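Chains as they are written, first to last, in my numbering: chain A, 5 to 117; chain B, 651 to 764.
Note that these hints are calculated values from the structure, not bench results. As the structure is a computational prediction, the values presented were derived from the model and not from experiment. Careful: at least some of the hints might be erroneous.
The following residues of chain A were derived to be distant from chain B, with all beta-carbon distances above 12 Å [stated by the list, open to error]:
no., residue
1, Glu-19
2, Asp-59
3, Gln-62
4, Val-74
5, Ala-82
Among chain A residues calculated to face chain B with C-beta under 7 Å, some are [said to hold, decoys possible]:
no., residue
6, Gly-47
7, Gln-103
8, Lys-104
9, Phe-107
What follows is a set of in silico ranges between Cβ atoms, one per label pair, in the way DEER data are often shown [unchecked claim]:
no., chain 1, residue 1, chain 2, residue 2, range
10, B, Met-665, A, Ser-44, 25 to 33 Å
11, A, Ala-82, B, Gly-690, 26 to 34 Å
12, B, Lys-733, A, Phe-50, 29 to 37 Å
13, A, Gln-85, B, Asp-712, 37 to 45 Å
No residue lacks a Cβ here, since even glycine has one placed at the ideal position from N, Cα and C.
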Amino acid sequence: GESVGLHLPTLSVQEGDNSIINCAYSNSASDYFIWYKQESGKGPQFIIDIRSNMDKRQGQRVTVLLNKTVKHLSLQIAATQPGDSAVYFCAENRAGGYQKVTFGTGTKLQVIP
Amino acid sequence: EPEVTQTPSHQVTQMGQEVILRCVPISNHLYFYWYRQILGQKVEFLVSFYNNEISEKSEIFDDQFSVERPDGSNFTLKIRSTKLEDSAMYFCASSGGPGTDTQYFGPGTRLTVL
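Chain A extracted, bound-state conformation (with noise of 0.2 Å):
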């Protein structure tokens, strides 16, 4: 079935070094993954996606890097600041007609100043 997960419920990181975020998928068929930013009190906020077609995708700041072989994914969040604290999901969706988006469980990024 489809699966959308994290290594890590939570991640320390000292201001300006960067962050990696982790998450696994199991199912085959996913073809979408996007990053969202939770932070505390608000609704996700899309951060980048990656189609299945690519393995790595650069934003401002941010990189998603996509292992199809091992059904892996990763956020590297470079120069970490104070405001990227928060929960990031790693979420799927799939072509096809599908059109919901399965989140995973989350990881609560913490930025020590």
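Chain B: place on chain A using the hints.
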């Protein structure tokens, strides 16, 4: 920047009462969604809506739930007879296209059922 808005931000109701949660999706979007998040848990899909009908729903979305787009801007979620376990954050989302189009989420409505 366009955004999804939701009202109210917090709704408190008695068990058995009906509640309506309201959302205004991004204006040129065609696909609308409701998700919920029980405290401390992951976000769960409830339902998607396109062309004035439900296109996909989860097992959570039973007969107590309904959705409606009563006019050109609002999208509502109704829970007919609330239960204690309906207490959660409810997020509305919208996208310009189906499937792999980015879904943008609103700030959520916190529903507390007493």
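What hint numbers does the structure not satisfy?
-> none
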